[in-house]
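Trainee: The hints should help you fit chain B onto chain A, whose structure is shown.
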Amino acid sequence: MKEVVTGNHVVSHAARVGRAQVVSAYPITPQTQVVEKISEFVADGVMDAKFIKVESEHSAMVACIGASAAGVRAFTATSAQGLALMHEVLHWAANARLPVVLANINRAMGPPWTIWTDQIDSLSQRDTGWIQFYAESNQDIFDSILIAFKVAEQVDLPAMVVLEAFFLSHTAEPVDFPDQEDIDRFLPPRPARNTVDPENPAAFGGLTGPDHYYELKYMEHNAMLEAKETIAAATQEYGDMTGRYYKMADPYRCDDAETVLVVSGGVASTAKDAVDEAREAGWKLGSLKIWAFRPFPREEVRALLLGRKRVVVVDRNISFGQEGIFCSELKASLYSQPEAPPVLGFIAGLGGRDIKGRDLLAMAKAGEDPDCPEFNWYGVKP
Amino acid sequence: MAEVPKKLTIPAEEHICSGHLACQGCGAVLAMRYALKALGPNTVYTVPACCWSVIDGPFPYTTLGVPLFHIAFEAAAASAAGLAAGLEMVGKEDVNVVAWAGDGGTADIGIQALSGAAERNDNIMYICYDNEAYMNTGVQRSSSTPWGAWTTTTPARHFKKRPKKNLVDIMVAHQIPYVATAAIAFPEDVLKKVNKAKQIKGTKYLQIFASCPPGWRMAPEYAVKSVRMAVNARVWPLLEVDNGVYTITRKPRKPLPVADYLRLQGRFSHLTEEQVEEIQQMVDHNWERLLFLEKSTHEMAGIPLEEKKKTKEPDK
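Residue numbers (the numbering used here), protein chains in the order written: chain A, 1 to 382; chain B, 1001 to 1316.
So that you can see chain A by itself, here it is in the shape it has in the complex (with noise of 0.2 angstroms):
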């Protein structure tokens, strides 16, 4: 069943068919539609949850750890200063083993104030150890929070799903609502395992010596290495039952392209129309949009990226005196890779600023001219 919603409204439906048992949140611009909504769901008994109205994002994060530990679904959504302010416990969430789902609606960090989009807030918990989903439309929102519980709780990681804030979080779209029995047979009942319980009498997180803790670790990142086969057999289930196929990294017209503009987010939907605008110009561009970012599909961006001319990657985040995160991280896959590819990272459309698909081709075209800086600036204001 299709139904135009905002992808605010989107988030709050997946947790309701998605059978989210607790959530636990707290109201911040550009997420508050999220939180109202799963109000009246839990309000008018439509969703069959506890709905724990927290004092700050920290207790909203550390509510959905003491429910998942006590072996329900939890969910939460945020964005920004609140997910910065989760940060201590996003680690605990994740060191726990915990599959919590987490909802963050990208918002550039303060100060000065802002509530307009980019990605800095998110990325900057790229080393808590959550799963991460970055997506394009407000139909990838709802099918990345299915597969994102089914994938957290096969895996025993906590799982975000990041959307853009205004460009997809307050923007109505035709979204399919895929039958709840359908939904029901992919993501079944959580299989907790080893949870907080009267029967099960043990210490939970207590004082781990070098010992042990190095390989408490180094399982931690195999289950998240795991995770790229979970996610495959997800997506690929979910596919069949809806006709979408999701991909870690996700190639268009990308077959015979000598220019691949790499980008995330809804900026994947406008680098499209870009995409098509320049194919009938003669001009063989392609896009990658990198939908999971952690764990990060090095294998398939290598697959996809080795022996292109050039890469152009499109970063609406910044780390400071270093260059856009997702190109680190995809030079960091390419690195000494046979025919990798040159890497020119772009920033742009920091704190909202629109990237049109002009902006893309321009990028793209920059990209092309052989003394392109590896790092640029696009459209700073003089």
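There could be a bad hint or two in this list.
[Stated by the list, open to error] On the chain B side, residues computed to face chain A include the following (Cβ under 10 angstroms):
| hint | residue |
| --- | --- |
| 1 | VAL1047 |
| 2 | PHE1059 |
| 3 | GLY1065 |
| 4 | VAL1066 |
| 5 | PHE1069 |
| 6 | ALA1076 |
| 7 | LEU1083 |
| 8 | GLU1088 |
| 9 | PHE1159 |
[Stated by the list, open to error] Residues on chain B that point at chain A, a partial pick, calculated with CB under 10 angstroms:
| hint | residue |
| --- | --- |
| 10 | ALA1038 |
| 11 | ASN1042 |
| 12 | PRO1067 |
| 13 | ALA1085 |
| 14 | VAL1090 |
| 15 | LYS1092 |
| 16 | ASP1122 |
Hints are computed from structural coordinates only; laboratory data are not their basis.
We put the CB at the ideal spot given by N, CA and C, even for glycine.
Mentor: Positioned in the frame of chain A, the structure of chain B alone reads:
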């Protein structure tokens, strides 16, 4: 083996075993032991950073007979709220969910989450074992450290000049159903209050006064004695607040001089006679205040104030 007396005032069953990592004379262990006797096995604990994060033992050991979930410092109450919601969703809402935190994790870094849970009246029991400083990190002052005390961050020549934060009244202000104080020198009272709290739905807050011999700079054998003296000197009044109605549960007829309580502990040894007298006045003032609260809240609720049998002699 000594014969077990027929009539026990507290249950013999233990839910904590030996081999824990507490210091000698640790009051926090006694607090846990007594609380668990009342709570029983259908209980889960969530414990933020505090002495008990260490006392329970390193991975893969635990000293408790019930689950202990470790959580970040400021997060005890929120994690309890999450556990309670999760357990309810799996049909186990009869489990006692207990947040167990030290005074720093309660009165300082954890007060926001605690206030949130209390305002929502989440169905959790929050027990603060109060040893009046950050003992686990090596005796730094907390907001629960009393006026006059030495700690490593309030050196004797610059001792703490602010009074102990009154968490009891802060929790009463949240209008939760039950708030109580207890002390490890009065195990029956601890059990009675925990037993009462576990029958109540909503947020229950208990603050158990628990000595820390290394942090209080005294010999371990004074662990219980010092706490008994704190109660009998009215430094740590035993009380409970049922739906806003204050009741002092122990009224020493002839209170000990505060000086006797202070003298036992090295953390007060720098104080002059005048400063000790100043503390005595604070203690007296607080006691008068509590008597007033007890009387006025009983009157307002229309509940007659029972005259408790007063203890005869100061119990040293």
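Trainee: Against each hint, give a clear statement of whether it holds in the structure.
Mentor: Checked hints:
Restraint check, B/VAL1047 versus chain A: the minimum CB separation of about 9 angstroms is within 10 angstroms; hint holds. Annotation: interface hint on B/PHE1059 holds; nearest CB of chain A at approximately 4 angstroms, less than 10 angstroms. For B/GLY1065, the shortest C-beta to C-beta distance to chain A is roughly 5 angstroms, which falls under 10 angstroms, so the interface hint holds. With its C-beta approaching chain A no nearer than about 5 angstroms, B/VAL1066 sits inside the 10 angstroms limit, and its interface hint holds.
Interface hint status for B/PHE1069: upheld, as the beta-carbon distance to the closest one in chain A is roughly 5 angstroms, under 10 angstroms. For B/ALA1076, the suggested interface contact is upheld, since its CB lies about 9 angstroms from the closest CB of chain A, less than 10 angstroms. Proximity of B/LEU1083 to chain A holds as hinted, the smallest CB-CB distance being about 4 angstroms (cut-off 10 angstroms). Checking B/GLU1088 against chain A by beta carbon gives a least distance of about 6 angstroms; that is within 10 angstroms, so the hint holds.
A cut of 10 angstroms between beta carbons decides the hint on B/PHE1159: the least distance to chain A is about 32 angstroms, and the hint is violated. A hinted interface residue such as B/ALA1038 counts as satisfied when its beta carbon comes closer than 10 angstroms to some beta carbon of chain A; here the least separation is about 15 angstroms, so the hint is violated. A cut of 10 angstroms between beta carbons decides the hint on B/ASN1042: the least distance to chain A is about 5 angstroms, and the hint holds. Because the beta carbon of B/PRO1067 sits about 5 angstroms from the nearest beta carbon in chain A, less than 10 angstroms, this interface hint is met.
Because the closest C-beta pair between B/ALA1085 and chain A is about 4 angstroms apart, less than 10 angstroms, the hint holds. For B/VAL1090, the interface hint holds, since its Cβ comes within 10 angstroms of a Cβ in chain A; the closest pair sits about 6 angstroms apart. Against a cut-off of 10 angstroms between C-beta atoms, the interface hint on B/LYS1092 holds, since the closest Cβ of chain A lies about 7 angstroms away. Among the interface hints, the one on B/ASP1122 holds; its C-beta lies about 7 angstroms from the nearest C-beta in chain A, closer than the 10 angstroms criterion.
The structure is inconsistent with the numbered hints 9, 10, although it conforms to all the rest.
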